[in-house]
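J.: Single-letter residue listing:
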Amino acid sequence: MTAAALPRLELPSVYGSPVRLDELLAGGVAVVVFVTEECPTCAMTLLRLAAPAGDLAAAGISVTAIFEDPLEVAARSARGTGFRGTVLSEPEPYELSRLLQLQSVPTTLLFDAEGSLLRRVVGWDREGLDALLGQASALAGAPAVLVTGEHPQRKPGCAAKNTYDPETLAILNAAGPHDELEDMFERGWSDGLPVIPPTRERVEAMLGGRDPSLSLGEVPPAMGEATLERVASCAVLAGCRPEYFPVVVAAVQAALEPAFNLNGQAVTTQPAGQLVILNGPARHSLGLNSSIGALGPGSRANLTIGRALRLLISLTGGGFPGKLDRATLGHAGKIGFCMAENEEVSPWEPLSVQRGFEPGTSVVTVVGCDAPLSISDHRSATPEELARVLAAAAAATWSPNWWPLGGASLFVICPEHAQLFGEAGWSKQRLREEMFEAAQRPAGELRWGETTPLVHAAPDDRPISKWCSVEDILVVVAGGEAGRYSAVFGPCLGMQTEIVSKEV
Amino acid sequence: MDYVSPFDERRRAIEPLAPRRKPLREATVALLDISKRRGDEFLDRIEARLRAQGAQTFRLTKEIFSRPAGPEIIRRIADRGDLAVEGLAD
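Chains as they are written, first to last, in the working numbering: chain A, 1 to 504; chain B, 1001 to 1090.
Please note that a few of the clues may not be correct.
Straight-line Cα separation of at most 20 Å, DMTMM-like style, residue types lysine to aspartate or glutamate; simulated pairs [stated by the list, open to error]: (1) A:K323 / B:E1009; (2) B:K1036 / A:D325; (3) B:K1022 / B:D1082; (4) B:K1036 / A:E450; (5) A:K155 / A:E37; (6) B:K1062 / B:D1033; (7) A:K155 / A:E127; (8) A:K323 / A:E225; (9) A:K323 / A:E218.
No lab work stands behind these hints: they were computed from the structure. Fair warning: this is a prediction, and the values are worked out from it, not measured in the lab.
Start from the sequences, fold in the hints, and give me the full structure.
T.: Structure representation (structure tokens):
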């Protein structure tokens, strides 16, 4: 037994939050292996520890790889070997390695629950590692595990970096290839697309002098705190210009309102994402597109504002697909979805005014919703016909037999369709009422497959509406002036989620 | 390079695992229905099996599945229950 002990230091982790070393002892014992990317023996050791590390983790014993390399290098290297334990990065000047008197890597250490060092294996030493893992299993009362692979029995490693002289370290650090964009992926600071690295200079420019520590609240589902600095980091990652930041902040404030129930939306198996709708003069001053391709690609402001909110939910909030976000399919709008209402061609008051804000005010509205369903109609000659077509499309959302929805439907009416309604003198309210009336069916026609308790309980001839009330129908106008394609967004249901608006 | 992390890097205390205590026949088990469809059917079956093994049971229901359990429900589980079973998903 050696007298050394696990110091109470904190090291950066590839999973975001740093890890305090004594936390590794929560399972009763801890196995820690020091490695570097450059050392082939280290790679072999991690490769052969991958399977037993998984077994030990299942028994509550942590197996941790500490790389004497930067975080992004550690993440890449660990992934390459299939190692699935905890992965930490020890920065220069390698204080931990010095305290533990490392001479070479790989060095594998076993600590007991008090952090006392029980065993040390230097280099690849198959028998030594089997004995170390056996002792760890025995102490934790878990089944014994062994390293994988037959040969070699022993293989020396490389010098640990804490033993390097400063001149050699400087040369090595300068020589390594560095790709900042790839590093962002390695850190997990991405939604799967390339991001803008959030350097301190860029984040400060995004903040524009605002207090970086100001908190907007906790972001579900993991309840990470949305400080303005982290919101700004997400806005930089997303590609926002600093002038977009007030809209991003307002969208975050709206999404964090309890009534929005982001917690439910962030973890659901439903495909729902968070749509941001912008009204008011900020649409023009920031260059949002509300015209041709209003729901599609092409506009930096639209795409990056929506993406900033989604990155905050995925990274700060931990709602990352496959982790806490359990969406069965998801949809492309979950990368980020922000649209602006085309108020100038609309015959009606903007959504923001309908929701109680003064005309001329910039307002964001957040809606939890599914992907848009396009509604093509080039032939309807009367507003009644067109309203029926729009309502019939909405009737297919969520599920064709789920009546009433019990949630809101958002219609994006294209300018040509809006013009037909406007020229007929229809108000927005009239359109909502006509669509409500058009989307009704006898209960008997809906009673197959999955349907609602209301339909099951109703007599065959009782009319059932697609919506519980007219208030569940939202209407905005957007799109290019040519073309008769409107859209309806499927809802996010069962979450008690409300639509929330905030002034910018 | 000095980057600003989007992650919340606050330290959070690790809660130790509760002690594994009584045998099931002496335990009181909280059965939490999160208000997902058919969750009650699942818990009915679990409850019958637990009782057959001598356990005491009591039932609680969340108002809605998509929000965290409120402090009152958590308090009642902690006050009466030796362990809890939650019926997730549908």
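J.: Is it true that the CA of K323 of chain A sits at most 20 Å from the CA of E225 of chain A?
T.: holds, 18 Å
J.: For the pair supplied as a hint, K155 of chain A and E37 of chain A, is the alpha-carbon distance within the 20 Å limit?
T.: Holds: K155 of chain A and E37 of chain A sit about 16 Å apart, inside 20 Å.
J.: So if I understand the rule, the pair passes when the alpha-carbon distance is 20 Å or less; does K155 of chain A with E127 of chain A pass?
T.: holds, 12 Å
J.: Within a Cα-Cα threshold of 20 Å, do K323 of chain A and E218 of chain A meet the stated pairing?
T.: Holds: K323 of chain A and E218 of chain A sit about 18 Å apart, inside 20 Å.
J.: Please work out if K1062 of chain B and D1033 of chain B have their alpha carbons no farther apart than 20 Å.
T.: The given pair, whose Cα atoms are some 6 Å apart, holds under the 20 Å limit.
J.: Tell me if the straight-line CA distance from K323 of chain A to E1009 of chain B falls inside 20 Å.
T.: The hint holds at about 18 Å.
J.: For the pair we were handed, K1036 of chain B and D325 of chain A, check the Cα-Cα distance against 20 Å.
T.: Answer holds: K1036 of chain B to D325 of chain A is near 18 Å, not above 20 Å.
J.: Starting from K1022 of chain B, check that the Cα of D1082 of chain B is at most 20 Å away, please.
T.: holds, 8 Å
J.: Can you confirm whether the C-alpha distance between K1036 of chain B and E450 of chain A stays at or below 20 Å?
T.: Answer holds: K1036 of chain B to E450 of chain A is near 15 Å, not above 20 Å.
Comparing the model with each earlier hint shows no violations; every hint is respected.
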